[in-house]
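Trainee: With the sequences and hints as input, model every part of the structure.
Protein chains in written order, with this note's numbering: chain V, 1 to 116; chain E, 117 to 233.
Hint data in this document are derived by calculation from the structure and do not stem from the laboratory.
The C-beta atom is built at its ideal place from N, Cα and C for all residues, glycine as well.
Accuracy of the hints is not assured; some may be wrong.
Calculated cross-link-like contacts (lysine to any residue; reagent style SDA-like; alpha-carbon spacing at most 25 angstroms) [as the list claims (entries may be wrong)]:
{"#": "1", "chain 1": "V", "residue 1": "Lys56", "chain 2": "E", "residue 2": "Tyr220"}
{"#": "2", "chain 1": "V", "residue 1": "Lys68", "chain 2": "E", "residue 2": "Gly158"}
{"#": "3", "chain 1": "V", "residue 1": "Lys52", "chain 2": "E", "residue 2": "Gly158"}
{"#": "4", "chain 1": "V", "residue 1": "Lys68", "chain 2": "E", "residue 2": "Glu160"}
{"#": "5", "chain 1": "V", "residue 1": "Lys56", "chain 2": "E", "residue 2": "Thr213"}
Only some residues are given here: those of chain V computed to face chain E with a beta carbon under 10 angstroms [to be verified]:
{"#": "6", "residue": "Lys49"}
{"#": "7", "residue": "Phe89"}
{"#": "8", "residue": "Thr105"}
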Amino acid sequence: GNSVTQMEGPVTLSEEAFLTINCTYTATGYPSLFWYVQYPGEGLQLLLKATKADDKGSNKGFEATYRKETTSFHLEKGSVQVSDSAVYFCALSGGAGGTSYGKLTFGQGTILTVHP
Amino acid sequence: GAGVSQSPSNKVTEKGKDVELRCDPISGHTALYWYRQRLGQGLEFLIYFQGNSAPDKSGLPSDRFSAERTGESVSTLTIQRTQQEDSAVYLCASSPTHVQGPSYEQYFGPGTRLTVT
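Mentor: Laid out in structure tokens, this is it:
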């Protein structure tokens, strides 16, 4: 079955530091890949996505590239802000070799804290 | 427009009691998903609805868990004879549809935090 492995947290950075959160996946076929973010006290929301190999998803200064050869979808941001403090989840859908109905398989989440 | 709403936001119940959790998806969204998030863990898929049918119930942990959807709108997740291991945040999400190719975004509700004492 599908699975997602995320870099263990928590991650603590100073403002303007470079961020990488690693994500690797296991799936057959060609899944779609996502990063979701959960800000304190808020619901889960989509940050970015990529639907085929070599696609780059980007939003709010965050980027992730779908690398099929390494089965990875690492999240990066060049200069983090205090407001980026949140829990980040890597997820995939599809690629199970059969009908997956779009259900998401999530990683365990990475807590990011950014200090001024 | 209105997003996905869930009620109650918090529920504390005694072991052995039944609970019902409600999800109101975004109007017009045909696909509806339930997930569970245990403390410190990622989200686990529970069940998927397309319209009022549930073609995928593979994530329901036991026969104590059931769900229904009516009017291609509201969904309720029922947990019978609750156990302490059922304590978690239960999240509902909706999307316009499911597709095998590019996936539509799932819009998540705020969740119901269930505590079984």
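Trainee: Can the restraint linking Lys56(V) and Tyr220(E) be considered satisfied, given a maximum Cα separation of 25 angstroms?
Mentor: holds, 17 angstroms
Trainee: Check whether the Cα positions of Lys52(V) and Gly158(E) lie no farther apart than 25 angstroms.
Mentor: holds, 24 angstroms
Trainee: Can the hint on Lys49(V) be confirmed by a CB-to-CB distance to chain E that is less than 10 angstroms?
Mentor: With a minimum Cβ separation of about 7 angstroms from chain E (threshold 10 angstroms), the hint on Lys49(V) holds.
Trainee: Need the status of pair Lys68(V), Gly158(E): alpha-carbon distance at most 25 angstroms?
Mentor: The hint holds at about 23 angstroms.
Trainee: Does the closest beta carbon of chain E sit nearer than 10 angstroms to the beta carbon of Thr105(V)?
Mentor: Constraint on Thr105(V) satisfied, holds at 7 angstroms.
Trainee: Need the status of pair Lys68(V), Glu160(E): alpha-carbon distance at most 25 angstroms?
Mentor: Between Lys68(V) and Glu160(E) the Cα gap is close to 24 angstroms, so the pair holds against 25 angstroms.
Trainee: Sort out whether Thr213(E) lies within 25 angstroms of Lys56(V), counting only the CA atoms.
Mentor: Holds, because 23 angstroms separates the two Cα atoms, which is no more than 25 angstroms.
Trainee: Given Phe89(V) was flagged as interface, is its beta-carbon under 10 angstroms from a beta-carbon of chain E?
Mentor: holds, 6 angstroms
No hint from the list above goes unmet by this structure.
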